[in-house]
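K.L.:
Now for the letters of each chain:
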Amino acid sequence: MASALVKRRLANFKGNRRAYWSLWIFGVIFVLSLFAEFIANDKPILLSYQGEWRSPVLQFYSEASFGGEFRTEAEYSDEVVQCLIRTGGIEDCLDDPQAVQEEAASGTYNGTTVEAGWIVWPPLPFSYRTIDENLGQPAPAPPSLRHPLGTDDQARDVLARVIYGFRISILFAIIVTFCSSVIGIAAGAVQGYFGGLLDLLFQRFIEIWAGTPSLYVIIIIAAIIPMNFVILTTLIILFSWVGLVGVVRAEFLRARNFEYVRAARALGLSDARIMYRHVLPNAMVATLTFMPFIITASIGTLSGLDFLGFGLPASYPSLGEIALQGKNNVTRPWLGFTAFFTFAIMLSLLVFIFEGVRDAFDPRKTFR
Amino acid sequence: MLDNPQNVLVRVDGLKMHFPIYAGILRRQVGTVKAVDGLTFEIFDGETLGLVGESGCGKSTAGRAILRLYDPTEGKLEIEGRDISTIKGDALRNLRPKMQMIFQDPQACLNPRMTVGSIIAEPLDEHQAMSKEERQARVLELMDQVGLNRDFAGRYPHEFSGGQRQRIGIARALALNPKFIVCDEPIAALDVSIQAQVVNLLEDLQERLGLTYLFISHDLSMVRHLATRVAVMYLGRIVELAPREALYDRPKHPYTEALLSAVPNPDPETEADRKRIILQGDVPSPANPPKGCNFCTRCPKVMDICRTETPAFRHYGNGHHAACHLLEGA
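As you go down the protein sequences, you meet chains W and D in turn. Under our numbering, residue 368 is the last one in the first sequence; the count climbs by one each step, no gaps. Under our numbering, residue 330 is the last one in the second sequence; the count climbs by one each step, no gaps.
Note that these hints are calculated values from the structure, not bench results. Just so we're clear, the structure is a prediction, and the values are computed from it rather than from any experiment. Treat the hints loosely; a few may be bogus.
According to the in silico footprint, chain D covers these stretches of chain W (three or more CB under 8 Å from chain D) [what the hints assert, rightly or not]:
(1) 32 to 39
(2) 91 to 100
Listed below are the simulated DMTMM-like cross-link pairs for lysine to aspartate or glutamate, each with C-alpha atoms no more than 25 Å apart in a straight line [said to hold, decoys possible]:
(3) Lys-301(D) to Asp-267(D)
(4) Lys-7(W) to Glu-159(D)
(5) Lys-88(D) to Glu-79(W)
(6) Lys-88(D) to Glu-63(W)
(7) Lys-291(D) to Glu-74(D)
(8) Lys-98(D) to Asp-132(W)
(9) Lys-179(D) to Asp-199(W)
(10) Lys-132(D) to Asp-271(W)
(11) Lys-16(D) to Asp-71(D)
(12) Lys-7(W) to Asp-151(D)
C-beta: ideal position from N, C-alpha, C; glycine also.
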């Protein structure tokens, strides 16, 4: 029954070309980044060893299982391991992989037939933490065929870091936005709907809470306990939910005296139901107006903390860290430019999308 | 009422609804708006009690307070002998199916985001455990009852005319089989041509379903057409309450006289002779009502006692009640 409204909103959204294409571009990039392990990784997607297919991206294989010496995970970028896989585990690979591979290419080695294997690499054979030991020049290295966006000062591929960093930023933003919206809407709804003393006390609490310098609190906590993704997300949600309370509360204060809300009360509907069915839809436009700000702000906060070195631990891929490297290596412009364009494109796409969503939800556009 | 054997459905006793006024930095209470200031009356089973009065006299507030949409400041409310003046929360919610309301503005009282079908089904969802099919059947039945085309169930309120919207509101109020319905100026927002349709529908439903109405209106002719008894309100109090014919033919209170003299007469000959009683001045503020009789500032027959003592609301025979010092001596 509500599908007519949903259809009209969809049509409105599609009518906004910029938002529509931004959503597509963003969607494709985001879905691709969800499969970052298959796009940028130092482990092969698929390989054949002695006729057996293995997928190191998904599963652990020790070097010993390829006929090598160590029981630790195979170093697939190492020529010895590559030789072992391609030749089906000839032991001489451990001494002179190049020569063995050349001889085995003919089909036989030392008179015996070689069980030839193959390796399928991801398009970018580096993960975000892979240190390229065969760089051949001092890091940070400029963009080249091997590293399309160059490397950072620890010889890690910048493109790989951007892909993983993009993913973690967006996931972070989605989690933070979702959680803080739910908390913020619930808090604003309760205050606005019931009003009175509850509203008064809650507002004072929120004023104090919002006045807390969240960045310092996070930095202090980061100094006490080792930071990780979960703790950081929780901390930022704790400080970002207040953003929505004001608008939602205002909408509820306005809408609670609407004639149809009174009518619903006269029908004996429960408060929760009235809030959800009759009042909340009025607050949706205001909420959606704020959504892009929350998303961009949470991405900004995360990057800012990373930039300052108080955010996620150094082992995480982070866009803020690329920005920091860009600042530390001003003579290596690809670092700074990469950080800048990644942020600019990502945030612009998000803002364009939400602009379209907001317009689509605008009742004046929908009901006319 | 001794001369009336009917059952009392709703009893209102000394109902007061005061709204506080706050001012200053400390939001101290500096006064009260006495919107409803001591109403006492009964509504009999199956009758229509008309409640008339000029704008701002507290008619709607009274209607809402009787339905407990407000918490009354003082007084007792009874429906079917049960005291409802102080109950709260779920107990109150469970009583809602008995008493319903039809609102003044049919545009505003329907959620623009819900279809007609879901608007009418909403009270059923809340109060009755029904299967989806049963509910749908009941919704269509209600739409038939109020004269709405069944095919409109999937449409939104803005696609309807004012009269049709009021029918939706009526269908929603009827959904739970209420006994008592407060009609808060249900025809004020409608075209004159539509008013008759809606009023006839209300009459029709009353006959078929045995409903009891409290019909709030400022349209004296419409109340005359519809009501069994009529109560006249002025500044938060009832000044006169009487059976319809008695009130329209032999008004006792000077305010009722003035009010009735303002009703135009459709017959041009008698209309030419109609003498209007023009009241002087404005209605006093309900935040600061005059001492004594509320009407003393504008009454053409004011006496000294009116300015000092509040007249009591008394029974003068044949169900005719009034509150006026003029009648006390007589």
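K.L.:
Against this structure, judge whether each hint is valid.
P.N.:
Tested hints:
1. Coverage of the stretch 32 to 39 of chain W by chain D is violated [criterion: at least 3 residues with CB-CB distance below 8 Å; count 0].
2. For the stretch 91 to 100 of chain W, the stated coverage by chain D is not satisfied: 0 residues place a CB nearer than 8 Å to a CB of that chain, which falls below the threshold of 3.
3. Distance check on the hinted pair: Lys-301(D) and Asp-267(D) sit about 29 Å apart at the alpha-carbon level, beyond 25 Å; violated.
4. Under the criterion of a C-alpha separation no larger than 25 Å, the hint pairing Lys-7(W) with Glu-159(D) is consistent with the structure, at around 17 Å.
5. Restraint check for Lys-88(D) and Glu-79(W): not satisfied, since their Cα atoms lie roughly 79 Å apart, outside the 25 Å limit.
6. Under the criterion of a C-alpha separation no larger than 25 Å, the hint pairing Lys-88(D) with Glu-63(W) is inconsistent with the structure, at around 73 Å.
7. Of the pairs offered as hints, the one joining Lys-291(D) and Glu-74(D) holds, with about 20 Å between alpha carbons and a cut-off of 25 Å not exceeded.
8. Between Lys-98(D) and Asp-132(W) the CA atoms are separated by roughly 79 Å; this puts the pair beyond 25 Å, and the hint is violated.
9. Restraint check: the Cα-Cα separation between Lys-179(D) and Asp-199(W) comes to about 37 Å, which exceeds 25 Å; the hinted pair is violated.
10. In summary, the hint linking Lys-132(D) to Asp-271(W) is supported, as the alpha carbons are separated by about 23 Å, within the 25 Å threshold.
11. Between Lys-16(D) and Asp-71(D), the direct Cα distance comes to roughly 10 Å. Compliance with the 25 Å bound is thereby established for this hinted pair.
12. Restraint check: the Cα-Cα separation between Lys-7(W) and Asp-151(D) comes to about 20 Å, which is no more than 25 Å; the hinted pair holds.
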